[in-house]
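A.B. asks: Start from the sequences, fold in the hints, and give me the full structure.
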Amino acid sequence: MGDRDSPDYKILVVDDEPDLERLVRQRMRRHIRGGKYGFEFAGNGVEALQVLAEKQDIDIVLSDINMPKMDGLTLLQQIPEVNADIRSVIVSAYGDMENIRTAMNRGAFDFVTKPIDFTDLEVTIERTLRHLDEWRAALASRDKLVAIQNELDVATKIQQSILPDTFPRLDGCEVYGCMHAARNVGGDFFDVINLDGGRVGLAVADVSDKGVPAALFMMSSRTLLKGAAIGVEEPSTVLREVNDLLNETNEAAMFVTVFYGVYDPATRVLTYSNGGHNPPLVVHSDGTSEELELTGGLALGAIPGFEYGQANVRLNPGDLVVFFTDGVTEAINMSSEEFGLESLRGLFRDGRTPGAREAAEAILQAVQDFAGEAPQFDDLTCMTLRVADE
Amino acid sequence: MNVQMENHEGVLVARVEGRVDSSNSQDFERQLQGAIGDEVKAVVMDLGQLAYISSAGLRVVLLIAKTLGQRNVSISLCALSDPVQSVFEISGFNRIIQIYDTQADALAAAG
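Chains as they are written, first to last, in the numbering used here: chain A, 1 to 390; chain B, 1001 to 1111.
No lab work stands behind these hints, which were simulated from the structure alone. Some clues are possibly wrong.
[Stated by the list, open to error] Only pairs whose alpha carbons sit at most 25 Å apart, straight line, appear in this in silico SDA-like list of lysine to any residue:
#	chain 1	residue 1	chain 2	residue 2
1	B	LYS1066	A	ASP244
2	B	LYS1041	A	PHE377
3	B	LYS1066	A	ASN105
4	B	LYS1066	A	LYS157
5	B	LYS1041	A	ALA252
6	A	LYS157	B	ASP1021
7	B	LYS1066	A	GLY296
8	B	LYS1066	A	ALA253
C.D. replies: Here it is as structure tokens:
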């Protein structure tokens, strides 16, 4: 642990609200005293650039959008000129899609919404720092021209560093997600996004291809999806936005299949749009189950201007929704047999669905038991939504 | 994975057999790119003997379709088995790449 003069990580907070400095110092005092975080403060973009020019060791910029002299969006554009190794987290008003879109285009790494929830902010900072560590390791290993396997290890770490490891406590439902990365990284990710009105955004995705380029494509897909999710209401519009942005630079014809849904615990309605992803499974408390209907979508990144469809389903108390990637159902055993959808359904035939975490972990365990020693070429990702019993 | 190339009066027919996944998708891409010369009028991929295609394989199909699209050369797929058809339907690629039941149908449309 570092001493007070040299914290492990330095964060520049840019906001014209003078009370924010006091609030941040108070809420983050444990980390400041422990030598983990050091904070610098600036009141606008111009001051921020001065701080960045003087101090080369800033890791994260946390910036508001609307500020005098130079706003946060202009600042975002300038940051790479001063220091390309910085990650920016933008503080935006909920639903401010126009600014969020611009921020996404200008390379924002993540978003938090106003009013700032400090628990959420801490999780976001931690995740960004974990990502930065992996990113720096990736750059170092590229410099050394290490073997392809190391590159894949680096890609796995980048992948792990962007996944949520804490899940929001919600009224009326539980959410959990976990992933088992294959040696041969496929590029899965999932995300759980807090939305207003107690709703939650749930995303599960699978990037075509492997290695560091796929990991980077996955990273931008995740950021774009989160930005769009807090900016617009309809899941179909979220996917259209992300698809168009991904298509702006994509010579390698990479694509990502995304299932994105918004669940409202108050109405138990899941509204979703499926962008070319394998359909999630809804398991009822009597052991029956069905797949969520496709919505006429297309994998994201394939072609610009695509219009996505949308559907909704009202869940029942005790229902379990299993969102997964095809690594689960296409896992093969030593006899080259696939695990398959029927085996997945079979795990829950006994009636009364388990809790979200128990279900997700049971699925990954069952797939790994089935696969045994057979080499797996795809990540296993499983996210679950369990509606509370009546 | 094995790809057989045939030329039907300027239409390149690529017959793909076996499994295409991330372990051989680069090879798959190289073979296709190598076979598609400037004189090719259209490309038909016959997937009748294709048992499995992963997303890495789909990316190659998309890349080829995009490259050909820029040159105004058409591409179509034909004779998909049920599991492969299902991969194209779920990913939505059946909405952006023409799929025919038989090679004859695909050739008739390409000619």
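A.B. asks: CA of B:LYS1066 to CA of A:ASN105, is that 25 Å or under?
C.D. replies: holds, 24 Å
A.B. asks: Taken at face value, is the distance from the CA of A:GLY296 to the CA of B:LYS1066 at most 25 Å?
C.D. replies: This hinted pair holds, its Cα atoms lying about 21 Å apart.
A.B. asks: Straight-line Cα separation of B:LYS1066 and A:ALA253 no greater than 25 Å?
C.D. replies: With Cα atoms ~8 Å apart, B:LYS1066 and A:ALA253 stay inside 25 Å; holds.
A.B. asks: Are the Cα atoms of B:LYS1041 and A:ALA252 separated by 25 Å or less?
C.D. replies: holds, 24 Å
A.B. asks: Hey, B:LYS1041 versus A:PHE377, does the alpha-carbon distance stay inside 25 Å?
C.D. replies: violated, 36 Å
A.B. asks: With the threshold set at 25 Å, check whether the alpha-carbon distance from B:LYS1066 to A:ASP244 stays at or below it.
C.D. replies: holds, 16 Å
A.B. asks: Please work out if A:LYS157 and B:ASP1021 have their alpha carbons no farther apart than 25 Å.
C.D. replies: holds, 22 Å
A.B. asks: Are the Cα positions of B:LYS1066 and A:LYS157 separated by 25 Å at most?
C.D. replies: violated, 31 Å
Violation of the numbered hints given earlier is confined to hints 2 and 4; the remaining hints are satisfied by the structure.
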